[in-house]
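Line order of the protein sequences matches chains L and P.
Quick note, in the working numbering, the first sequence goes up one by one and the last residue is 164.
Quick note, in the working numbering, the second sequence goes up one by one and the last residue is 164.
Incorrect hints may appear among the rest.
Which residues of chain P face chain L? A partial, calculated answer using Cβ under 8 Å [said to hold, decoys possible]:
1. 14
2. 42
3. 56
4. 63
5. 113
6. 121
7. 123
8. 146
Cross-link-like lysine-lysine pairs, in silico, DSS-like; alpha carbons within 30 Å at most [unchecked claim]:
9. 152(P) to 52(P)
10. 139(P) to 120(P)
11. 52(P) to 79(P)
12. 152(P) to 13(P)
13. 162(P) to 52(L)
14. 52(P) to 152(L)
15. 152(L) to 120(L)
16. 27(P) to 120(L)
17. 120(P) to 52(P)
18. 52(L) to 13(P)
19. 78(L) to 52(P)
20. 27(P) to 79(P)
21. 27(L) to 13(L)
22. 79(P) to 120(P)
23. 139(L) to 152(L)
24. 139(P) to 120(L)
25. 120(P) to 27(L)
26. 27(L) to 163(L)
27. 162(L) to 152(L)
28. 52(L) to 13(L)
29. 13(P) to 27(P)
30. 163(L) to 152(L)
31. 152(L) to 120(P)
32. 78(P) to 52(L)
33. 78(L) to 27(P)
34. 120(P) to 162(P)
35. 27(L) to 52(P)
36. 52(P) to 139(L)
37. 79(P) to 152(L)
38. 78(P) to 120(P)
39. 79(L) to 13(P)
40. 120(L) to 27(L)
Hint data in this document are derived by calculation from the structure and do not stem from the laboratory.
Heads up, the beta-carbon is just placed ideally off N, CA and C, and yes, glycines get one too.
Residues per chain, in single letters:
Number of protein chains: 2
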Amino acid sequence: MDLNKNLNDVVNLLINNGKTIAIAESCTGGFISHMITNIPGASKTFDRGFVCYSNEAKIDVINVEPEVIKKFGAVSEEVARQLAYNVRILSNVDIGIGITGIAGPTGGTPEKPVGLVYIGISTEEDTIVEKNIFQTDRINFKAKVLERVLQLIKKN
Amino acid sequence: MDLNKNLNDVVNLLINNGKTIAIAESCTGGFISHMITNIPGASKTFDRGFVCYSNEAKIDVINVEPEVIKKFGAVSEEVARQLAYNVRILSNVDIGIGITGIAGPTGGTPEKPVGLVYIGISTEEDTIVEKNIFQTDRINFKAKVLERVLQLIKKN
Numbered sequence: 009m010d011l012n013k014n015l016n017d018v019v020n021l022l023i024n025n026g027k028t029i030a031i032a033e034s035c036t037g038g039f040i041s042h043m044i045t046n047i048p049g050a051s052k053t054f055d056r057g058f059v060c061y062s063n064e065a066k067i068d069v070i071n072v073e074p075e076v077i078k079k080f081g082a083v084s085e086e087v088a089r090q091l092a093y094n095v096r097i098l099s100n101v102d103i104g105i106g107i108t109g110i111a112g113p114t115g116g117t118p119e120k121p122v123g124l125v126y127i128g129i130s131t132e133e134d135t136i137v138e139k140n141i142f143q144t145d146r147i148n149f150k151a152k153v154l155e156r157v158l159q160l161i162k163k164n
Numbered sequence: 009m010d011l012n013k014n015l016n017d018v019v020n021l022l023i024n025n026g027k028t029i030a031i032a033e034s035c036t037g038g039f040i041s042h043m044i045t046n047i048p049g050a051s052k053t054f055d056r057g058f059v060c061y062s063n064e065a066k067i068d069v070i071n072v073e074p075e076v077i078k079k080f081g082a083v084s085e086e087v088a089r090q091l092a093y094n095v096r097i098l099s100n101v102d103i104g105i106g107i108t109g110i111a112g113p114t115g116g117t118p119e120k121p122v123g124l125v126y127i128g129i130s131t132e133e134d135t136i137v138e139k140n141i142f143q144t145d146r147i148n149f150k151a152k153v154l155e156r157v158l159q160l161i162k163k164n
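Using the sequences and the hints, build the whole thing.
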């Protein structure tokens with residue numbers, strides 16, 4: 009798949025459908041926002057992005073509940089769900105994306121290995137979270153997550 | 009200059025000096041956060057980033073004063089200063105970076121051409137803003153801004 013063509017298609021699909029989007033990303037560190045905003049005209053759909061690297065950022069900026077991070081960990085389905093849902097509501101947009109995972113090379117555990125990532129997508133209708141494991145280097149990891157994000161946007 | 013080596017040096021300089029950083033970027037769309045977080049260990053210095061693409065995002069998220077945007081425009085020294093200063097205070101970090109400009113290919117005017125960018129850097133000591141014009145394509149524009157951001161961090 010040509011990632012750049014796909015990216016261009018998805019951004020133009022959003023623009024043509026009049027849909028706005030906001031993103032709260034952790035392990036992808038701004039890459040998803042960066043790639044979307046590489047497409048000329050992206051400002052018509054992309055409103056804002058948040059790179060919530062620390063737990064404090066997730067709590068302070070996107071209102072993720074500290075108890076949820078404590079109970080399930082920052083890399084969890086529940087946190088991805090709150091990132092996606094809350095960023096949509098906070099930003100007053102049609103689609104919210106939330107991403108939390110372990111890009112590596114360190115930070116993995118037997119239960120939560122390097123490459124684990126939860127991607128949440130929230131619309132007025134529903135908020136769903138997908139779990140993936142992309143065991144590759146830090147840079148390809150980000151590209152794999154972007155691929156899935158584009159797929160999820162297309163389906164929703 | 010090797011941008012990746014420079015990036016690696018600056019991130020490690022920040023880590024070794026125990027300095028934390030937060031970024032509020034507009035026209036670079038998450039690229040600065042993305043590149044910094046490509047360096048393993050970046051989480052020790054990089055706390056959070058904001059991609060404030062719309063004026064509403066600048067106002068709602070980073071508390072840029074609407075009157076300042078109205079008076080000077082979103083692409084202005086004053087807005088870069090508020091982005092840099094406010095993101096530092098809001099994020100409780102040592103260094104705040106604020107970036108606003110016109111990546112193009114559209115959006116330029118005779119007074120504010122495509123490629124114009126204001127980069128602010130705020131520390132406890134001072135907040136300074138630098139003006140540059142990088143007339144190139146959207147992707148090289150982002151790289152040029154990153155180069156200047158790294159220079160400014162090194163100097164401060």
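Results of checking the hints against the structure:
1. Taking 8 Å as the C-beta contact cut-off toward chain L, the hint placing residue 14(P) at the interface is violated, the least distance being around 17 Å.
2. Below 8 Å, beta-carbon pairs count as interface contacts, and residue 42(P) has one with chain L at about 4 Å; its hint therefore holds.
3. The criterion of a C-beta within 8 Å of any C-beta in chain L is met by residue 56(P), whose closest approach is roughly 4 Å, and the hint holds.
4. Annotation: interface hint on residue 63(P) violated; nearest CB of chain L at approximately 10 Å, more than 8 Å.
5. Hint status for residue 113(P) relative to chain L: holds, with the closest Cβ pair at about 6 Å, below 8 Å.
6. Interface restraint check for residue 121(P): the shortest CB-CB distance to chain L comes to about 16 Å, outside 8 Å, so the restraint is violated.
7. Here the hint on residue 123(P) is broken, as its CB sits about 14 Å from the closest CB of chain L, past 8 Å.
8. Residue-level restraint check for residue 146(P) holds (minimum Cβ-Cβ distance to chain L is 6 Å; threshold 8 Å).
9. Proposed proximity of residue 152(P) and residue 52(P) is supported: the alpha carbons are some 25 Å apart, at most 30 Å.
10. For a cut-off of 30 Å, the pair hint linking residue 139(P) to residue 120(P) stands: about 11 Å separates their Cα positions.
11. Of the pairs offered as hints, the one joining residue 52(P) and residue 79(P) is violated, with about 38 Å between alpha carbons and a cut-off of 30 Å exceeded.
12. Restraint check for residue 152(P) and residue 13(P): the C-alpha separation of about 15 Å stays at or below 30 Å, so the hint holds.
13. Our distance criterion of 30 Å between C-alpha atoms is broken by residue 162(P) and residue 52(L), whose separation comes to about 35 Å.
14. For the suggested pair residue 52(P) and residue 152(L), the alpha carbons sit about 24 Å apart, so the restraint of at most 30 Å is met.
15. A hinted pair counts as satisfied when its Cα atoms are at most 30 Å apart, and residue 152(L) with residue 120(L) qualifies at roughly 18 Å.
16. At most 30 Å may separate the alpha-carbon atoms for a hinted pair to count; residue 27(P) and residue 120(L) meet this at roughly 29 Å.
17. Among the hinted pairs, residue 120(P) with residue 52(P) is inconsistent with the structure: their alpha-carbon atoms are about 37 Å apart, more than 30 Å.
18. Between residue 52(L) and residue 13(P) the CA atoms are separated by roughly 35 Å; this puts the pair beyond 30 Å, and the hint is violated.
19. A hinted pair counts as satisfied when its Cα atoms are at most 30 Å apart, and residue 78(L) with residue 52(P) qualifies at roughly 20 Å.
20. Only pairs whose Cα atoms come within 30 Å are accepted, and residue 27(P) paired with residue 79(P) is rejected, the gap being roughly 34 Å.
21. Taking the CA atoms of residue 27(L) and residue 13(L), the gap is about 19 Å. The hint holds against a cut of 30 Å.
22. Proximity of residue 79(P) to residue 120(P) is assessed by CA-CA distance (about 14 Å); at most 30 Å being required, the pair is judged to hold.
23. Restraint check: the Cα-Cα separation between residue 139(L) and residue 152(L) comes to about 12 Å, which is no more than 30 Å; the hinted pair holds.
24. This hinted pair does not check out: residue 139(P) and residue 120(L) have alpha carbons roughly 45 Å apart, beyond 30 Å.
25. Simply put, residue 120(P) and residue 27(L) have alpha-carbon atoms about 29 Å apart, close enough for the 30 Å limit, and the pair holds.
26. A hinted pair counts as satisfied when its Cα atoms are at most 30 Å apart, and residue 27(L) with residue 163(L) qualifies at roughly 14 Å.
27. For the proposed pair residue 162(L) and residue 152(L), the alpha carbon gap of about 16 Å is at most 30 Å, so the pair holds.
28. A hinted pair counts as satisfied when its Cα atoms are at most 30 Å apart, and residue 52(L) with residue 13(L) qualifies at roughly 18 Å.
29. Note on residue 13(P) and residue 27(P): the hinted pairing holds, with a Cα-Cα distance of about 19 Å set against a maximum of 30 Å.
30. Between residue 163(L) and residue 152(L) the CA atoms are separated by roughly 17 Å; this keeps the pair inside 30 Å, and the hint holds.
31. At roughly 37 Å between alpha-carbon atoms, residue 152(L) and residue 120(P) are farther apart than 30 Å, so this suggested pair is violated.
32. Between the alpha carbons of residue 78(P) and residue 52(L) the distance comes to roughly 20 Å, so the proposed pair stays at or under 30 Å and holds.
33. A hinted pair counts as satisfied when its Cα atoms are at most 30 Å apart, and residue 78(L) with residue 27(P) qualifies at roughly 26 Å.
34. Among the hinted pairs, residue 120(P) with residue 162(P) is consistent with the structure: their alpha-carbon atoms are about 28 Å apart, no more than 30 Å.
35. For the suggested pair residue 27(L) and residue 52(P), the alpha carbons sit about 36 Å apart, so the restraint of at most 30 Å is broken.
36. For the given pair, residue 52(P) sits about 26 Å from residue 139(L) by alpha-carbon distance, which is consistent with the 30 Å threshold.
37. Under the criterion of a C-alpha separation no larger than 30 Å, the hint pairing residue 79(P) with residue 152(L) is inconsistent with the structure, at around 43 Å.
38. Proximity of residue 78(P) to residue 120(P) is assessed by CA-CA distance (about 15 Å); at most 30 Å being required, the pair is judged to hold.
39. As the CA atoms of residue 79(L) and residue 13(P) are separated by approximately 39 Å, the hinted pair breaks the 30 Å bound.
40. Between residue 120(L) and residue 27(L) the alpha-carbon distance is near 34 Å, which puts this suggested pair outside the 30 Å criterion.
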